[in-house]
Amino acid sequence: MKAALLKVALATGLMAGVATGATAQPKNVTIAVSIPAATHGWTGGVVYHAQETAKQLEKGYPGLKVIVKTSPDGAAQANALDDLMAQRVDALVVLPFNSDELTDPVREVKKRGTFVTVVDRGLKDPSIQDIYVAGNNAEFGRVAGKYFVDNLKEGNVVVFRGIPTVIDEERVSNFEKALEGSGVKVIDKQYANWNRDDAFKVMQDFLSKHPKIDAVWASDDDMALGVLEAIRQAKREDIKFVLGGAGMKDMIKKVIDGDKMIPANVSYPPSMISTAMGVTAAHFYTNAPMRGTYTLDAQLITKDNAQEHYFPESPF
Amino acid sequence: MTETVLRSGAERRKSTIDMRALSPFIALVALAIAGALINPDFLTASNILNVVTRSAFIAIIAVGATFVISAGGLDLSVGSMAALTAGVMILTLNSLGGADMSTLAVGMLAALALGAMCGLANGLIVTFGRIEPFIVTLGTMGIFRSLVVWLAAGGTITLRNFELRELYRPVYFGTVFGIPVPIVAFLVVAAIGALILYRTSFGRHVVALGSNEDVARYSGVPIWRVRTLTYIIQGICVGIAVLVYVPRLGSATPTTGLLWELQAITAVVIGGTALKGGVGRVWGTVVGAVILELVANIMVLSNFVSEFLVGAVQGAIIIIAMLVQRSVHRGR
Chain A
1 MKAALLKVAL ATGLMAGVAT GATAQPKNVT IAVSIPAATH GWTGGVVYHA
51 QETAKQLEKG YPGLKVIVKT SPDGAAQANA LDDLMAQRVD ALVVLPFNSD
101 ELTDPVREVK KRGTFVTVVD RGLKDPSIQD IYVAGNNAEF GRVAGKYFVD
151 NLKEGNVVVF RGIPTVIDEE RVSNFEKALE GSGVKVIDKQ YANWNRDDAF
201 KVMQDFLSKH PKIDAVWASD DDMALGVLEA IRQAKREDIK FVLGGAGMKD
251 MIKKVIDGDK MIPANVSYPP SMISTAMGVT AAHFYTNAPM RGTYTLDAQL
301 ITKDNAQEHY FPESPF
Chain B
1 MTETVLRSGA ERRKSTIDMR ALSPFIALVA LAIAGALINP DFLTASNILN
51 VVTRSAFIAI IAVGATFVIS AGGLDLSVGS MAALTAGVMI LTLNSLGGAD
101 MSTLAVGMLA ALALGAMCGL ANGLIVTFGR IEPFIVTLGT MGIFRSLVVW
151 LAAGGTITLR NFELRELYRP VYFGTVFGIP VPIVAFLVVA AIGALILYRT
201 SFGRHVVALG SNEDVARYSG VPIWRVRTLT YIIQGICVGI AVLVYVPRLG
251 SATPTTGLLW ELQAITAVVI GGTALKGGVG RVWGTVVGAV ILELVANIMV
301 LSNFVSEFLV GAVQGAIIII AMLVQRSVHR GR
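Just so you know, the protein sequences line up as chains A and B, in that order. All residue numbers in the first sequence are consecutive under full-length UniProt numbering, ending with 316. All residue numbers in the second sequence are consecutive under full-length UniProt numbering, ending with 332.
Bound-form chain A, shown alone:
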């Protein structure tokens, strides 16, 4: 029975291989994808895009099998890697929970000869990875800063920080660097933990404290939503716009609709997992060299290009 099934599988694999032409070689490849569980909006987007891409790739490359596995924390992810390796996979695409905890488990995977693609959060030892796909946090801050310089020219800005992490520090310091020498001034900064409720509270306090605020860098779409509600409650007219970031669908929708308070957004796409999976699959099915580092631009999203960043089906 098993043998029969195998024959059928081989036959279909071969047939499909013939059908797709000479460049795509018909072979059976298994790619494991290990990502954090959907514990907040952005990782929710990662999970969605990983699952969608898995389906598309399996359709596009005959013989390819993609296993997507989510884990609620770093330790669980290390265990999940063990389980995945037991299934004999050819490649691993991993978005590590954190660099410290997962460097060694991924190294173990690599030692078995598995092809390793790392996404977003880099490992402590970059020699482990064959491919590294990352968003650009410094660029994220720079693009946002440039937007303020170009569009506000001068005025007072309040800044919302996320959770104290390297990501946050890179974004904020590059934002401030981009403002240097311009008339735009940061009058206050506060952590709001990438959280709507916290941002609402902090914005209420900023509004009490500062009689004139020209614009807000919320630095994240969740925080931007809290900020907007606080401004609406205070009925303040002095704030010209709020710039969020990460490309949440609700916010992109506002950009498309031409909302005056939300004229733009800066991308930090959760779909970078799709990029990583695509490149990894291509490594097995094409002859082109794929190894290397891929840095995705943090793009300024305005009304002109918002449509291509709009994923109404995604939870994020």
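By construction, these hints were calculated from the structure, which means they are not laboratory data. Positions of the beta carbon are idealized from the N, C-alpha and C atoms, including for glycine. Just to be clear, a hint being listed does not mean it is correct.
[As the list claims (entries may be wrong)] Sample of chain A residues facing chain B (criterion: CB under 8 Å; computed from the structure):
no. : residue
1   : Glu-52
2   : Gln-56
3   : Lys-65
4   : Tyr-132
5   : Arg-161
6   : Asn-195
7   : Lys-201
8   : Gly-226
[Unchecked claim] The following label-pair restraints were derived from C-beta to C-beta distances:
no. : chain 1 : residue 1 : chain 2 : residue 2 : range
9   : A       : Met-85    : B       : Gly-315   : 26 to 36 Å
10  : B       : Ser-95    : A       : Ala-76    : 25 to 35 Å
11  : B       : Val-313   : A       : Ser-173   : 20 to 30 Å
12  : A       : Gly-60    : B       : Leu-147   : 45 to 55 Å
13  : B       : Trp-150   : A       : Thr-293   : 53 to 63 Å
14  : B       : Met-322   : A       : Tyr-294   : 47 to 57 Å
15  : A       : Gln-51    : B       : Leu-147   : 12 to 22 Å
16  : B       : Val-313   : A       : Gly-113   : 29 to 39 Å
[Stated by the list, open to error] So the derived list for chain A, only partly shown, Cβ under 7 Å to chain B, looks like this:
no. : residue
17  : Gly-41
18  : Gly-183
19  : Ile-187
20  : Lys-189
21  : Gln-190
22  : Tyr-191
23  : Arg-196
24  : Gln-204
25  : Asp-205
26  : Ser-208
27  : Ala-215
28  : Glu-229
29  : Gln-233
30  : Lys-235
31  : Phe-311
Place chain B on chain A using the hints.
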């Protein structure tokens, strides 16, 4: 100065209990004065109303926690429970669709019912399962949180009907005779809570259970029923808090209500309720919740605390406030 005022006149004859009950209020006044010195904007009506309104969720939840804790229990699941209840309430509203009062009423009932059910589950597992409430509610905390993450598929549960949202919005942003609705809500909840805890036999049973379970049992207190009821009250309070929370941002996310359980417990303890049970102070709890929010507000309004150190200063202020309270009733 406050001390001399309190010692004179009628106050002198009163027992230590009253002095202790007053101390959270004294800490509140001291903080308000500190706030005014740090930034004159602190005392503007809009700022004070903002802060007290914001403390409503924690205050309402903490009134429930006062019951659980004074009966010698603990509930760590309230933050997750709030997130789950908010999520389910919004999903209910979305599926009903219509922008009218009856839709809203059904959604609100769903929230209260779910809160009560969650509380009942906690209570039954604690009493019938004879498991430490710390472990039980730590477990349900994870369960409730995962359920909301699952319902939201990791994203956000948003109230989709814009008209319904506008209809519901005044429940957070509206006022009654100039007082924001959430403040009215938590005053009413606290008044009912105080009435139950101080003026009913159930309230006395709660305190008796918290001070000594064995004595309470031999005195004929229906221990299981009383204990379970405290968790149900906690659940209903979470439900009420959600009713006020949802109209604010019209959404629930996997981070909604994160760490609210700690804030609620802190508010209860600042208010003078003993963490080991046996003493419950509803009004102190409410003041405790306001104090917590006030400290956060003062931090943002101050110009000299770096954003990196806010947490440290906040922690220090809470400890100092407790020390001041303690010295007030020692110095008596």
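Outcome of the hint check:
1. Contact between Glu-52 of chain A and chain B, as hinted, is not supported at the beta carbon level, the nearest pair being about 13 Å apart and thus beyond 8 Å.
2. For Gln-56 of chain A, the suggested interface contact is broken, since its CB lies about 19 Å from the closest CB of chain B, more than 8 Å.
3. A cut of 8 Å between beta carbons decides the hint on Lys-65 of chain A: the least distance to chain B is about 24 Å, and the hint is violated.
4. With its C-beta approaching chain B no nearer than about 24 Å, Tyr-132 of chain A sits outside the 8 Å limit, and its interface hint is violated.
5. With its C-beta approaching chain B no nearer than about 7 Å, Arg-161 of chain A sits inside the 8 Å limit, and its interface hint holds.
6. Contact between Asn-195 of chain A and chain B, as hinted, is supported at the beta carbon level, the nearest pair being about 5 Å apart and thus within 8 Å.
7. At its closest, the beta carbon of Lys-201 of chain A sits 6 Å from a beta carbon of chain B; the interface hint therefore holds under the 8 Å criterion.
8. A cut of 8 Å between beta carbons decides the hint on Gly-226 of chain A: the least distance to chain B is about 6 Å, and the hint holds.
9. A beta carbon spacing of about 43 Å between Met-85 of chain A and Gly-315 of chain B contradicts the range 26 to 36 Å that was offered as a hint.
10. Taking the beta carbon of each, Ser-95 of chain B and Ala-76 of chain A are about 33 Å apart, inside 25 to 35 Å as hinted.
11. At roughly 23 Å, the beta carbons of Val-313 of chain B and Ser-173 of chain A sit within the given window of 20 to 30 Å.
12. In this structure the hint that Gly-60 of chain A and Leu-147 of chain B lie 45 to 55 Å apart at CB is violated, the actual value being about 35 Å.
13. A hinted range of 53 to 63 Å is violated for the C-beta pair Trp-150 of chain B and Thr-293 of chain A, which are about 35 Å apart.
14. At about 53 Å, the CB distance of Met-322 of chain B to Tyr-294 of chain A agrees with the hint of 47 to 57 Å.
15. As the Cβ distance of Gln-51 of chain A to Leu-147 of chain B is approximately 20 Å, the hint placing it in 12 to 22 Å holds.
16. Under the hint 29 to 39 Å, the C-beta atoms of Val-313 of chain B and Gly-113 of chain A, about 53 Å apart, miss the expected range.
17. For Gly-41 of chain A, the interface hint holds, since its Cβ comes within 7 Å of a Cβ in chain B; the closest pair sits about 5 Å apart.
18. Because the beta carbon of Gly-183 of chain A sits about 22 Å from the nearest beta carbon in chain B, more than 7 Å, this interface hint is broken.
19. Here the hint on Ile-187 of chain A is broken, as its CB sits about 10 Å from the closest CB of chain B, past 7 Å.
20. The interface hint given for Lys-189 of chain A is met, as the beta carbon of that residue sits about 5 Å from the closest beta carbon of chain B, less than 7 Å.
21. The interface hint given for Gln-190 of chain A holds, since its Cβ lies 5 Å from the closest Cβ of chain B, which is under the 7 Å cut-off.
22. For Tyr-191 of chain A, the shortest C-beta to C-beta distance to chain B is roughly 6 Å, which falls under 7 Å, so the interface hint holds.
23. Taking 7 Å as the C-beta contact cut-off toward chain B, the hint placing Arg-196 of chain A at the interface holds, the least distance being around 5 Å.
24. The interface hint given for Gln-204 of chain A holds, since its Cβ lies 5 Å from the closest Cβ of chain B, which is under the 7 Å cut-off.
25. Against a cut-off of 7 Å between C-beta atoms, the interface hint on Asp-205 of chain A holds, since the closest Cβ of chain B lies about 4 Å away.
26. Here the hint on Ser-208 of chain A is kept, as its CB sits about 4 Å from the closest CB of chain B, short of 7 Å.
27. A least Cβ separation of about 18 Å between Ala-215 of chain A and chain B goes past the 7 Å threshold, and the interface hint is therefore violated.
28. Because the closest C-beta pair between Glu-229 of chain A and chain B is about 6 Å apart, less than 7 Å, the hint holds.
29. Because the smallest distance between the Cβ of Gln-233 of chain A and any Cβ of chain B comes to about 6 Å, under 7 Å, the interface hint for this residue holds.
30. The restraint placing Lys-235 of chain A at the interface with chain B is violated, with a minimum CB-CB distance near 10 Å, outside the 7 Å limit.
31. Look at Phe-311 of chain A: its Cβ only gets to about 11 Å from chain B, farther than 7 Å, so that hint breaks.
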